[in-house]
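*Asks:* Based on the provided sequences and hints, a complete structural model is requested.
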Amino acid sequence: MKKLITLSCLLVAFVCAFAQQKVTLQDVADGTYRPQNIYGIKPMLDGEHYTQISADRKRIVKYSFKTGKEVESIFDVETARDCPIKSFDDYIMSPDEKLILIQTETKPIYRRSFTAEYYIYNIRNNTIEPLSKNGPQQVPLFSPDGFQIAFVRDNNIFLVKLLFGNSESQVTKDGEYNKVLNGIPDWVYEEEFGFNRAFDFSADSKMIAYIRFDESQVPMFSFPWYKGMAPERTEYATYPGAYTYKYPKAGEVNSKVSVHTFDIKSHVTRKMDLPLDADGYIPRIKFTSDPEKLAIMTLNRHQNRFNVYMANPRSAICKSIIRDESEQYVKEQAYSNIRFYPENIVLMSERDGYNHLYLYTIGGNLVRQVTKGEFEVKDFLGWDQKNDVFYYTSNEESPLRSAVYKIDRKGKKTKLSTRTGTNTAIFNTNLTYYINKYSSKDTPTLITINDNRGRELTTLLDNGKLKGQLATLNMPQKEFFTFRTTEGVELNGWMMKPAGFDPNKKYPVIMHQYSGPGSQQVLDEWGIGSFSDGGMFEAYMADHGYISVCVDGRGTGGRGAAFEKCTYLFLGVKESHDQVETARYLGTLPYVDANRIGIWGWSYGGYTTLMSMSEGTQVFKAGVAIAAPSDWHFYDTVYTERFMRTPKENGDGYRAGSAILRAPKLHGNLLLIHGTADDNVHYQNCAEYSEALVQAGIQFDMQIYTNRNHGISGGNTRTHLMNRVANFFIENL
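The sequence shown begins at 1 in this note's numbering and counts up by one.
To be clear, the hints were calculated from the coordinates, so they are not data collected in a lab. Be aware that one or more of the hints could be misleading.
Unchecked claim - Using 27 angstroms as the maximum straight-line C-alpha spacing, the simulated DSSO-like pairs for lysine-lysine come out as follows:
#1 107 / 173
#2 286 / 206
#3 58 / 133
#4 265 / 206
#5 22 / 505
#6 648 / 574
#7 173 / 22
#8 372 / 386
#9 437 / 42
#10 206 / 173
*Replies:* If you want it as structure tokens, here you go:
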């Protein structure tokens, strides 16, 4: 009995010791506790299957939509005849699924753009051959009949005809770096309108429509390249180099855009007679199922007037069929989520104060508003035309949560997802099955297959291994809370308290936020936390005795247009004030040390950090601003003017939102972090802000990362950054 008791005590001691493992920053940087996920699900035409790349990136695997089980490999580098590649990065199926474009040697350009070497794989013959031997390609696209492939190289569109020995011809010839782009967007369109291909085939495969970007008058921006490490650029070992590209800053000249069509048979190019403002935007073009109807979407420069035109690709006549307007701005969902059906158009709009679905005829007549209520539709998943049933996700239950719904023609709504938290869905082509991705603040990603009645058929992934790992850690307690500011605004937040939290102690607090227009960080999902990793960085800080907090202030999303757009023309003012209000509120809690509150953020979150620490209210003892804009004059036209208009029109707003002008009032210890090769928020922001602090006689800390872009990663960089942030707060709070 004594031996049993001794063994039991040893076992308990071992379990307790094992259960008190601590998260390291290396764990956070390496993603040691990152949940497994399933990426790249591509539904197939038959509605019964989907495809995916294998984990070793050597096969394309076909799965059953009903069971989730592997059916067969439809491409394998080991068995394809005379296959020259060992692995691949992505793939594109032809419209009839008889051919596959295999993507290899991918080289990123900006956030969404890249070049790659593509190969054409014939499933029936098991043969593979290069798409082109004349250099890397961008954004290849099959024609609807599957007999042609268009792509972009060196800013020009090329066409490969598969029935003519893969003969390659050049569609446009005036493309030139930093001057003219055909069929691909310029930097600001790619970054802010969120796409990387600007051409399309007509439904009969006889024409190509494309957007032409003339950026010759757009001002140039340069940043230096150094030799650096990981990767090392030996060409700059002695003298630094420079990268120069077109970047239109607020109030400056944008690319001149126009839409053209190319007749593949006659080789005739036509310019569409589009009634576009001289400084207007074309964020999307799309051929409908009618080859005589090319949909062209436009915005005025203020981005508060959205038009859908139907253009005849041969006559070049354009007719406006839908217009959506807002006093402030039209959000991106209007053009990024629009769907064209043979006889109808489905559009998202905030015209009643919340983002909802609207059904139009193909001629632009409103049939009905599909969804209604004080909630936001987050994603349009599909429309069963035969039964007139719409599928979508919305946050009807709470701004913090999303669920999958369907609604019929009579307005009868059915909730399909069963778990409370965040649900997203990928439907098969005939909308009978869907793959549901679910998570909550306490549950890592769970992926199931369901039918269109919501019935769960099988589990594809439950992250059981991660749950076991987490059970051995001192994970912080995750809680949601709300509070009301002194201005009477109710704000949502999350809080992570250290394991073994003692309500009788006084804890220092680290506030993290992003705060940008339409963003949300207070969500009931596993991605909670500053690095969207389930709070692992917060777990590290909790082990050092810190409470972590995040609050979504005014201007953030999920709560309707009025809440989100109240920051219009004065970015940074209300957002930073709400973070100050948060710190004041936290300071009233019995377990918070009001004299030890810090704040930090990345990008817009870094900007809000600077603005909050220099509002004049001395509530923050320390802050970290990473890759932060410091004055809206330095940022791009599309994003900045969407919320601020131009500096000439809104001088007061630009002055009020300048962290540089607020710099003399900075209170608290500050760490500035920036990458020298940030093509998005230029290092100029950091350089000018730090100079303002110097001239104001204010001491601060600064960490610069050589050759790093807006994401500040590569080699040991991210680990170094996390240590810098953590140690700064430990030393200063």
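*Asks:* Quickly compare the C-alpha distance for residue 107 and residue 173 to 27 angstroms and report which way the hint goes.
*Replies:* 24 angstroms, holds
*Asks:* Does residue 372 pair with residue 386 here, judged by a C-alpha cut-off of 27 angstroms?
*Replies:* Distance of about 22 angstroms is within 27 angstroms: holds.
*Asks:* If you draw a straight line from the CA of residue 173 to the CA of residue 22, is it 27 angstroms or shorter?
*Replies:* At roughly 59 angstroms apart (the allowed maximum being 27 angstroms), residue 22 and residue 173 break the hint.
*Asks:* Does the alpha-carbon distance linking residue 22 and residue 505 stay inside the 27 angstroms limit?
*Replies:* Roughly 21 angstroms separates the two Cα atoms, so the pair holds.
*Asks:* Tell me if the straight-line CA distance from residue 437 to residue 42 falls inside 27 angstroms.
*Replies:* Given that 27 angstroms is the threshold and the Cα spacing comes to 15 angstroms, the pair holds.
*Asks:* Within a Cα-Cα threshold of 27 angstroms, do residue 648 and residue 574 meet the stated pairing?
*Replies:* 22 angstroms, holds
*Asks:* Straight-line Cα separation of residue 286 and residue 206 no greater than 27 angstroms?
*Replies:* 15 angstroms, holds
*Asks:* Take a quick look at whether residue 58 and residue 133 sit within 27 angstroms of each other, Cα to Cα.
*Replies:* 22 angstroms, holds
*Asks:* Check the hint pairing residue 265 with residue 206 against an upper bound of 27 angstroms on the C-alpha distance.
*Replies:* At roughly 7 angstroms apart (the allowed maximum being 27 angstroms), residue 206 and residue 265 satisfy the hint.
*Asks:* When you check the alpha-carbon spacing of residue 206 and residue 173, does it fall within 27 angstroms?
*Replies:* 20 angstroms, holds
This entry does not satisfy hint 7, going by the numbered hints stated previously; all others are met.
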